[in-house]
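A.B. asks: Residues 1 to 440 in full-length UniProt numbering are what the sequence shown lists, from first letter to last.
Honestly, I wouldn't trust all of these hints.
What the hints assert, rightly or not - Okay, the calculated beta carbon distance ranges per label pair: (1) G99 / E44: 22 to 32 angstroms; (2) V322 / R232: 20 to 30 angstroms; (3) S180 / E363: 14 to 24 angstroms.
Quick caveat, the hints were computed from the structure, so don't treat them as lab data. The beta-carbon is built from N, C-alpha and C at its ideal position, and this holds for glycine as well.
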Amino acid sequence: MTEHSRHFDRRTFLKASGVALAGATAASGSVAGESTWNYELAGEALDAGAQEVVVQDDWAYTANGASIATVDLSDPTAPLLGGTAPGHGDDNKDVKVAGDVAGLADDGSAGGVTFFDVSDPAVPVELSFYDAASGVHNCYLEDDYAYLCINDSFAYARMVIVDVSDPENPVSLEGDERGSGGAWMLRDRHPDMADAGVNPIHDIYVQDDLAYMCFWDAGVVVADVSDPTDPRAVAHFGAADDAGERPEDAVEQYERYLGGHETNAHYVRPTPDGEYTLVGAETFPGPYEDAVVPGDHGGIRIFDTGDLSTDSEPGDPHEGHVGYIPAPDRPADALRTSHNFDVTDSKVFASFYQGGIHAYDIEDPGDPRHLAGFAAPGTAYWAAVDLPTAGPRRYTVGSDIGKGLTVLELNHETPGEQSWDADEELGPDDVLTGTMGKPL
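Please put together the full structure from these sequences, using the hints given.
C.D. replies: And the structure:
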């Protein structure tokens, strides 16, 4: 995608949308008075620049532009900033952690992943920097391997696997040619989708030797990575009907890349048993230069992947989903597309930018049930993560873009009034800087 085609007329959008939240919401699922679920604010931690957040044990790890930060969540009602450490570059949007190693991905000029020793989470220490020779928007860490999203060219969008068994000396498993060896490239299976120019690899999730890769309008490809030197595709689903067609001009490119509400694959998470896979779309309705992007704010599709295994063969990439979680319908005139989310055996915890954080019951994946939602003036959430605790209380951790972490308690009380000191109003620039300018 060219810089020209990425240009976003923010003045036009601001005039069209206004983007001011009317008030905080602590919404329950179902009809008012019928549901006993609600979210209550439990605690906050300032973490300037916060974007992605992940949780391991009692600690949260955030990517905040130029550095990694850790937050002690041992008392969810009083989260404390633990430590910070600079990464390479100043466009680090993603962080992942596995055991004593954390990876901070830079999507800018540095182009790579900084690895840290987090054996003491309060004092992250840099171990190494893996130079990917390309911006890395997202990555994943699992055991001794890092899985990187590489988009040095959309036509060659691919997953590259890096051996981090010695995190001080990360080693790429990709061969001499792009996409060979320990890598998987969309064009090797669907060259038409790769050449369409609108299908980068955006995110990766790894579970049970399966790597779930988001290829935007080309949907999700699942690869068997039990042999990390030779990934093999075992499933492909969620592709848009026109995923293999190249846009005629920049206007259509906007419409395709950012439009629709049940189309692109921006984020993916399987359920813990792998029976279902949830795929979130990031779409923004509204005027962009000469284009009026069709559709609505992106939601989350649910696909039946019960037959998926390392012995599977990819099926119809256009096969439909079995369930759907729509974006929240309020606050009005706000950016409410789905972003990053967490999935447990029976629940989904999702962020929707200014639409807030929402919890859903997916005991019946074909009919997800909204439980509770939380959106406050001046907030926009990048991610929502479940925080397991030993006791009966249940918490959700959200990263409020550029500000810090919000900890919410999900409980079974009748929804009541919630006080919140209104923050400053947010405009589209505040929410979308680094996202709309570079939609990856």
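A.B. asks: Indicate, hint by hint, whether the structure satisfies it.
C.D. replies: Here is what the structure says about each hint:
{"no.": "1", "hint": "G99 / E44: 22 to 32 angstroms", "in the structure": "holds (28 angstroms)"}
{"no.": "2", "hint": "V322 / R232: 20 to 30 angstroms", "in the structure": "holds (25 angstroms)"}
{"no.": "3", "hint": "S180 / E363: 14 to 24 angstroms", "in the structure": "violated (43 angstroms)"}
Checked against the numbered hints given earlier, the structure breaks only hint 3 and satisfies all the rest.
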